[in-house]
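When you line the sequence shown up against the UniProt record's numbering, it's residues 1 to 275, in that order.
A couple of the hints might just be wrong.
Once the Cα atoms are required to be at most 25 Å apart in a straight line, the calculated DMTMM-like pairs of lysine to aspartate or glutamate come out as [what the hints assert, rightly or not]:
hint	residue 1	residue 2
1	Lys186	Glu53
2	Lys103	Glu231
3	Lys72	Glu53
4	Lys188	Glu53
5	Lys68	Glu53
6	Lys257	Asp185
Hints are computed from structural coordinates only; laboratory data are not their basis.
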Amino acid sequence: MSLVLGQADHFVSRISEGIRPALASLNMETFANHWHIAFASMLACFLITAVSERVSPQLFPKAFQSMKGFQKTNWHIHVVSLVHSIVSLVLSYPLINHPELTKDPIGVYWPHFGNVTAISTGYFLWDIYVCLRYIRQTGIGFFLHGFIACFVSLISFRPFINMYGPMFIMVELSTPFLNIHWFMDKLKMTGSMAQLINGVFLLGTYFLARLLYAPYLAYCVFSTFYQYWGEFPAYLGYIYVVQIMTLVILNFVWFNKMVKTLRSRFESPTPKKMI
């Protein structure tokens, strides 16, 4: 076993050194230390999808019998999303305001957080693939979210703005509840007390994390840019600002849709008028 691990480590090291010059030309040399984790994370997403395709229909046969077309694929997408959101939140929360990340607001690099970021990078690469493959079903909004998130995670390997990395991951706090809400719909639990309780947590975490915390983080990042302007390429700051504002706007658009959807789940049907 040790021999196999040693050979695998040697293989990874050779590839890392091989791609380092190209990454250095893109000012992303540190990604050479983490590419294998991003790749493994992406493969894990495909593996989880494959496992869900085999296991989920056996665990929930009635639900899957009623699904048609893309609905089954969407189930597996939500499974991967749920797993990634929990893993990334658990790994990132202890790193908020960590001394290793607050040394330099702009250019700090910490290998441990690089590994955490690489996990999300792999997921977002998988997410981009899924959104492109099913663009008609998922829509352009989800593709933009995945593309921007992937770009931000990749650009952190310059390194750039890593101090805020764990904080931005916390914006995904509502994602587990969103996935659970979707699963409940497919499991014929629409309008149940369990879905109501989950809906309260969903709206609460979404409002706090995406509508309050995310704009606050955007303000903090913009303030940091203003303070340290000139210490990084201007185009990078402009791109970052546009992407953050796009995500903030998408959060408000999706919240409006979410509220309408949740209200429809629990509103009593309008009584018919007596003639």
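Honestly, which of those hints from before does the structure not fit?
-> Structure breaks no hint.
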